[in-house]
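**Student:** Sequence:
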Amino acid sequence: MMPPIYRRAAIRLLLLGAVPLTTAIFLPGCTPPPVAEPPVTLEQVAKLSYGPAIEQFQEPAGVKVSLSAARLDAEWVVLRASYAPTEEGYHLYSKDMPKEGIDGTGRPTRLEIAGGAIQVGTLLADREPHDLKQYDQVLPVYPEGPVTLYRLVRAKPGGDIATSLTYMACSSELCNAPVENAPLSIQAP
Numbered sequence: 000m001m002p003p004i005y006r007r008a009a010i011r012l013l014l015l016g017a018v019p020l021t022t023a024i025f026l027p028g029c030t031p032p033p034v035a036e037p038p039v040t041l042e043q044v045a046k047l048s049y050g051p052a053i054e055q056f057q058e059p060a061g062v063k064v065s066l067s068a069a070r071l072d073a074e075w076v077v078l079r080a081s082y083a084p085t086e087e088g089y090h091l092y093s094k095d096m097p098k099e100g101i102d103g104t105g106r107p108t109r110l111e112i113a114g115g116a117i118q119v120g121t122l123l124a125d126r127e128p129h130d131l132k133q134y135d136q137v138l139p140v141y142p143e144g145p146v147t148l149y150r151l152v153r154a155k156p157g158g159d160i161a162t163s164l165t166y167m168a169c170s171s172e173l174c175n176a177p178v179e180n181a182p183l184s185i186q187a188p
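When we follow numbering that gives the first Met the number 0, the leftmost residue of the sequence shown carries the number 0, and every step to the right adds one.
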């Protein structure tokens, strides 16, 4: 049998080692630290080798969307969504526009993650928006024609990534119906 002084020391060591472990396991709000996002540029993600695209077309919206994915490294995947108005003279709204538009006018062009991956970082666009004055408002829009967005996510190889798409195409005279939170899934490479 251990002398009492050694038993007390052993109990103290056990308690000192166990307290931080139980605190980390049982305290609400304790999560592992976030993994740092790798620094990427638009030029880097545009040059990746993307797999086959999944396409979506909703006739009243007048926009064809193609979604594809490429692996950046063992942990990171880049999603690429190309939004192409089907009629000449139509533009899409900036990804940075408020979700409900500006005073209800327009909808942002967005690519959000709905499940199967962790959304990280800034949404990148291959075109720069400009200001369009319409209906006594200034609206951030992309130039007429297609725009491609890139989203960096953490995903396991082969897992399904569920996305949520929002967009709206307008011309100088007419707007098509907005699409909000339309689901589209793709398999991670």
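Fair warning: there could be bad hints in the mix.
[As the list claims (entries may be wrong)] Between beta-carbon pairs, the in silico distance windows are:
1) P37 with D135: 16 to 26 Å
2) D95 with Y134: 13 to 23 Å
3) R126 with Q57: 38 to 48 Å
4) Y134 with P51: 20 to 30 Å
5) Q133 with P37: 36 to 46 Å
6) P37 with D102: 18 to 28 Å
[What the hints assert, rightly or not] Straight line, CA to CA, 20 Å or less: simulated SDA-like cross-link-like pairs of lysine to any residue:
7) K94 with H129
8) K46 with T121
9) K63 with K94
10) K94 with A113
11) K94 with A176
12) K132 with A45
13) K94 with T104
14) K63 with A176
15) K98 with T165
16) K94 with A181
17) K155 with P188
18) K98 with Q133
19) K155 with T85
20) K132 with K155
21) K46 with E58
22) K63 with T85
23) K46 with G120
24) K155 with S67
25) K46 with D125
26) K132 with T147
27) K155 with V44
28) K46 with K132
29) K155 with K63
30) K98 with L122
31) K46 with L122
32) K94 with T40
33) K155 with W75
34) K94 with V119
35) K155 with E42
36) K94 with K155
Simulated from the structure, these hints should not be mistaken for lab results. Treat the numbers as computed from the prediction; the structure is a model and nothing was measured. From the three backbone atoms N, C-alpha and C, an ideal C-beta is built for every residue, glycine too.
**Student:** Confirm or reject each hint.
**Tutor:** Cross-check of the supplied hints:
A beta carbon spacing of about 43 Å between P37 and D135 contradicts the range 16 to 26 Å that was offered as a hint. For D95 paired with Y134, a C-beta distance near 19 Å keeps the hint of 13 to 23 Å intact. Checked against the hint of 38 to 48 Å, the pair R126 and Q57 fails, with Cβ atoms roughly 22 Å apart. For the pair Y134 and P51, the beta carbons lie near 40 Å from each other, so the given range of 20 to 30 Å is not met.
In this structure the hint that Q133 and P37 lie 36 to 46 Å apart at CB holds, the actual value being about 39 Å. A hinted range of 18 to 28 Å is violated for the C-beta pair P37 and D102, which are about 38 Å apart. Proximity of K94 to H129 is assessed by CA-CA distance (about 12 Å); at most 20 Å being required, the pair is judged to hold. A distance of roughly 18 Å separates the Cα atoms of K46 and T121; the hinted pair therefore holds under the 20 Å criterion.
In summary, the hint linking K63 to K94 is supported, as the alpha carbons are separated by about 17 Å, within the 20 Å threshold. Simply put, K94 and A113 have alpha-carbon atoms about 17 Å apart, close enough for the 20 Å limit, and the pair holds. Proximity of K94 to A176 is assessed by CA-CA distance (about 17 Å); at most 20 Å being required, the pair is judged to hold. At most 20 Å may separate the alpha-carbon atoms for a hinted pair to count; K132 and A45 exceed this at roughly 31 Å.
For the suggested pair K94 and T104, the alpha carbons sit about 14 Å apart, so the restraint of at most 20 Å is met. About 13 Å separates the Cα atoms of K63 and A176, which keeps this hinted pair within 20 Å; it holds. With a C-alpha separation of about 9 Å, the suggested pair K98 and T165 falls inside the 20 Å cut-off, and the hint holds. The hinted pair formed by K94 and A181 meets the criterion: a straight-line CA distance of about 16 Å does not exceed 20 Å.
Simply put, K155 and P188 have alpha-carbon atoms about 8 Å apart, close enough for the 20 Å limit, and the pair holds. At most 20 Å may separate the alpha-carbon atoms for a hinted pair to count; K98 and Q133 meet this at roughly 18 Å. The suggested pairing of K155 with T85 is violated, with an alpha-carbon distance near 34 Å, which exceeds 20 Å. For the hint linking K132 to K155, the alpha-carbon distance of about 44 Å lies beyond 20 Å, and the restraint is violated.
Only pairs whose Cα atoms come within 20 Å are accepted, and K46 paired with E58 is rejected, the gap being roughly 31 Å. As the CA atoms of K63 and T85 are separated by approximately 7 Å, the hinted pair is consistent with the 20 Å bound. Proximity of K46 to G120 is assessed by CA-CA distance (about 19 Å); at most 20 Å being required, the pair is judged to hold. Distance restraint check for K155 and S67: the Cα-Cα separation of roughly 16 Å lies within the 20 Å cut-off, and the hinted pair is therefore satisfied.
Restraint check for K46 and D125: the C-alpha separation of about 12 Å stays at or below 20 Å, so the hint holds. Only pairs whose Cα atoms come within 20 Å are accepted, and K132 paired with T147 is rejected, the gap being roughly 23 Å. Between K155 and V44, the direct Cα distance comes to roughly 19 Å. Compliance with the 20 Å bound is thereby established for this hinted pair. Distance restraint check for K46 and K132: the Cα-Cα separation of roughly 34 Å exceeds the 20 Å cut-off, and the hinted pair is therefore not satisfied.
Between K155 and K63 the alpha-carbon distance is near 28 Å, which puts this suggested pair outside the 20 Å criterion. For the suggested pair K98 and L122, the alpha carbons sit about 14 Å apart, so the restraint of at most 20 Å is met. A C-alpha spacing of about 16 Å is found between K46 and L122, which places the hinted pair at or below 20 Å, so the restraint holds. With a CA separation close to 17 Å, the supplied pair K94 and T40 stays within the 20 Å bound.
Between K155 and W75 the CA atoms are separated by roughly 8 Å; this keeps the pair inside 20 Å, and the hint holds. Restraint check for K94 and V119: the C-alpha separation of about 15 Å stays at or below 20 Å, so the hint holds. Of the pairs offered as hints, the one joining K155 and E42 is violated, with about 24 Å between alpha carbons and a cut-off of 20 Å exceeded. Between the alpha carbons of K94 and K155 the distance comes to roughly 26 Å, so the proposed pair goes past 20 Å and is violated.
Violated hints, in rising order: 1, 3, 4, 6, 12, 19, 20, 21, 26, 28, 29, 35 and 36; the structure is consistent with all others.
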